[in-house]
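Asker: Sequence:
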Amino acid sequence: MAVVHRVAVLLLPPVVGFDATIPALMFDSATDADGAPLYDVVTCALSPEPVAATTGFAVVAQAGPETLATADTVVIPGTRYAPARHEGVLEPAVASALATIRPGTRIVSICTGAFVLAAAGLLDGRPATTHWKHADHLRALHPRVQVDENVLFVDGGDVLTSAGLAAGIDLCLHIIRSDHGTQVANAVAKYCVVPPWREGGQAQFIERQVAEPDHYSTAATREWALRHLDEDLTIERLARHAQMSPRTFIRRFREETGQAPGAWVRNRRLDHARELLESHQLPVDEVARRSGLGTGANLRHHLRRGVGMSPSSYRKVYQGI
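In terms of UniProt numbering, the sequence shown opens at residue 1 and continues consecutively.
Source of the hints: derived by calculation from the structure; they are not laboratory data. Treat the hints loosely; a few may be bogus.
Said to hold, decoys possible - Just the calculated beta-carbon pair ranges, DEER-fashion:
1. Trp224 <-> Ala82: 23 to 29 Å
2. Asp285 <-> Trp224: 23 to 29 Å
3. Gly56 <-> Ala140: 28 to 34 Å
4. Glu223 <-> Gly56: 33 to 39 Å
5. Ala140 <-> Gly296: 46 to 52 Å
6. Gly157 <-> Gly262: 45 to 51 Å
7. Pro195 <-> Gly296: 28 to 34 Å
8. Pro37 <-> Ala166: 41 to 47 Å
9. Leu25 <-> Gly56: 18 to 24 Å
10. His228 <-> Gly104: 37 to 43 Å
11. Ser312 <-> Pro127: 29 to 35 Å
12. Ser312 <-> Asp155: 23 to 29 Å
13. Arg304 <-> Pro127: 18 to 24 Å
What the hints assert, rightly or not - Cut-off 20 Å, straight-line C-alpha distance, at most; resulting in silico cross-link-like pairs (EDC-like, lysine to aspartate or glutamate):
14. Lys190 <-> Asp179
15. Lys190 <-> Asp32
16. Lys316 <-> Asp34
17. Lys190 <-> Asp148
18. Lys190 <-> Glu87
19. Lys316 <-> Asp271
20. Lys316 <-> Asp179
21. Lys190 <-> Glu278
22. Lys190 <-> Glu223
23. Lys190 <-> Glu256
24. Lys133 <-> Asp148
25. Lys133 <-> Glu87
26. Lys133 <-> Glu256
27. Lys316 <-> Glu278
28. Lys133 <-> Asp158
29. Lys316 <-> Glu275
30. Lys316 <-> Asp32
31. Lys190 <-> Glu275
32. Lys133 <-> Glu255
33. Lys190 <-> Asp28
Just so we're clear, the structure is a prediction, and the values are computed from it rather than from any experiment. Glycine residues also receive a C-beta, built at the ideal position from the N, C-alpha and C atoms.
Let the sequences and hints guide you as you build the complete structure.
Answerer: What follows is the structure, given as structure tokens:
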């Protein structure tokens with residue numbers, strides 16, 4: 001039997017209750033083809049007392065801080081933990097608990113949990129995100145952190161951060177997809193009744209002085225593009241579909257997604273190619289054609305660059321053949 005990946009969720013009071021529930025719901029919903037769990041999620045706290053939440057209830061953790069030393073992934077949900085939020089520091093007990101995390105363990109924050117990672121020095125020199133409303137404060141407390149409030153999450157390999165609240169769902173799905181492929185992540189998303197990936201970044205939720213009309217959006221064009229990935233999706237064609245000038249379309253697209261249109265299309269094509277490799281026995285050239293990547297050589301290039309594997313190796317990992 002394969003070893004199940006252990007996820008430890010560290011609850012620091014007052015914890016954001018919604019954030020605290022996300023890892024257990026998402027990771028516990030991930031199973032293999034036989035229905036066996038792929039993750040073992042354990043909530044932990046520094047003491048056995050119930051952990052106060054920000055929304056009128058308390059959470060009883062399953063274990064103590066010793067769980068951190070056995071985890072493969074550690075998640076810190078959003079919190080109003082004052083030392084980190086106001087002073088940018090950690091109390092000795094919290095610092096000692098985090099110090100027990102084994103080298104190589106994946107460390108994840110949801111929402112304002114990023115303040116805890118930053119206070120521990122784990123985000124120095126790295127790109128990271130948090131809730132857009134608190135991004136400037138994180139930037140002021142920790143100038144060495146490259147704060148980007150326009151994205152839903154940042155994958156730094158061994159350290160990952162998500163934006164506010166529901167963006168934790170996006171990050172957990174991304175982690176599941178990275179660990180076990182598109183089909184498993186899509187099944188989790190379907191069970192949780194959320195999209196497999198959410199278009200756009202946090203920028204679309206940031207308060208602005210003047211609201212732009214709803215029709216002034218690239219959302220409909222992005223949905224259309226997903227159905228036409230095998231076609232020639234030039235900036236001009238995308239802008240024409242959105243009924244905008246190319247210049248306006250590019251600016252608005254960046255505001256909504258945090259990416260240039262060309263990079264976004266390439267990433268969606270690679271996502272589709274990965275899904276085809278996981279679920280079909282199509283020749284590599286046919287996968288490339290259907291996903292809009294053109295040739296097998298182009299698919300190989302982007303797959304190696306994106307996930308570090310050739311198409312045949314990727315198929316072997318996720319189909320077991």
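Asker: Does each hint fit the structure? Answer for all of them.
Answerer: Evaluated hints:
The beta-carbon spacing between Trp224 and Ala82, approximately 47 Å, falls outside the hinted interval of 23 to 29 Å. Range check, Asp285 to Trp224: about 26 Å between beta-carbon atoms, so the 23 to 29 Å window is met. Separation of Gly56 from Ala140 is about 30 Å and conforms to the stated range, judged on CB atoms against 28 to 34 Å. A C-beta distance of roughly 38 Å is found between Glu223 and Gly56, which places it inside the suggested range of 33 to 39 Å.
At roughly 49 Å, the beta carbons of Ala140 and Gly296 sit within the given window of 46 to 52 Å. At roughly 24 Å, the beta carbons of Gly157 and Gly262 sit outside the given window of 45 to 51 Å. In this structure the supplied range 28 to 34 Å holds for Pro195 paired with Gly296, their Cβ-Cβ distance being about 30 Å. Against the hinted window of 41 to 47 Å, the Cβ-Cβ separation of Pro37 and Ala166 comes to about 24 Å, which falls outside the hint.
In this structure, Leu25 and Gly56 meet the distance hint of 18 to 24 Å, their C-beta atoms being roughly 20 Å apart. Evaluation of the 37 to 43 Å hint for His228 and Gly104 yields a pass: the beta carbon distance comes to about 41 Å. Between Ser312 and Pro127 the beta carbons are some 32 Å apart, a value that agrees with the proposed interval 29 to 35 Å. About 25 Å separates the C-beta atoms of Ser312 and Asp155, a value consistent with the hinted range of 23 to 29 Å.
For Arg304 paired with Pro127, a C-beta distance near 23 Å keeps the hint of 18 to 24 Å intact. Restraint check for Lys190 and Asp179: satisfied, since their Cα atoms lie roughly 18 Å apart, inside the 20 Å limit. Restraint check for Lys190 and Asp32: satisfied, since their Cα atoms lie roughly 15 Å apart, inside the 20 Å limit. Our distance criterion of 20 Å between C-alpha atoms is met by Lys316 and Asp34, whose separation comes to about 18 Å.
A threshold of 20 Å between alpha carbons decides the hint, and for Lys190 with Asp148 the separation of about 29 Å lies outside it, so the pair is violated. For the proposed pair Lys190 and Glu87, the alpha carbon gap of about 40 Å is over 20 Å, so the pair is violated. Our distance criterion of 20 Å between C-alpha atoms is met by Lys316 and Asp271, whose separation comes to about 17 Å. Proximity of Lys316 to Asp179 is assessed by CA-CA distance (about 14 Å); at most 20 Å being required, the pair is judged to hold.
With a C-alpha separation of about 17 Å, the suggested pair Lys190 and Glu278 falls inside the 20 Å cut-off, and the hint holds. The straight-line distance between the Cα atoms of Lys190 and Glu223 is roughly 18 Å, inside the 20 Å bound, and the hint therefore holds. Restraint check for Lys190 and Glu256: the C-alpha separation of about 24 Å exceeds 20 Å, so the hint is violated. Proposed proximity of Lys133 and Asp148 is supported: the alpha carbons are some 12 Å apart, at most 20 Å.
Taking the CA atoms of Lys133 and Glu87, the gap is near 17 Å; set against the 20 Å cutoff, the hint holds. For the suggested pair Lys133 and Glu256, the alpha carbons sit about 17 Å apart, so the restraint of at most 20 Å is met. Between Lys316 and Glu278 the alpha-carbon distance is near 9 Å, which keeps this suggested pair within the 20 Å criterion. With a CA separation close to 25 Å, the supplied pair Lys133 and Asp158 exceeds the 20 Å bound.
A threshold of 20 Å between alpha carbons decides the hint, and for Lys316 with Glu275 the separation of about 13 Å falls inside it, so the pair holds. Distance restraint check for Lys316 and Asp32: the Cα-Cα separation of roughly 15 Å lies within the 20 Å cut-off, and the hinted pair is therefore satisfied. The suggested pairing of Lys190 with Glu275 holds, with an alpha-carbon distance near 15 Å, which does not exceed 20 Å. At most 20 Å may separate the alpha-carbon atoms for a hinted pair to count; Lys133 and Glu255 meet this at roughly 17 Å.
Taken as a hint, the Lys190 and Asp28 pair is honoured in the structure, with Cα atoms around 14 Å apart against an allowance of 20 Å.
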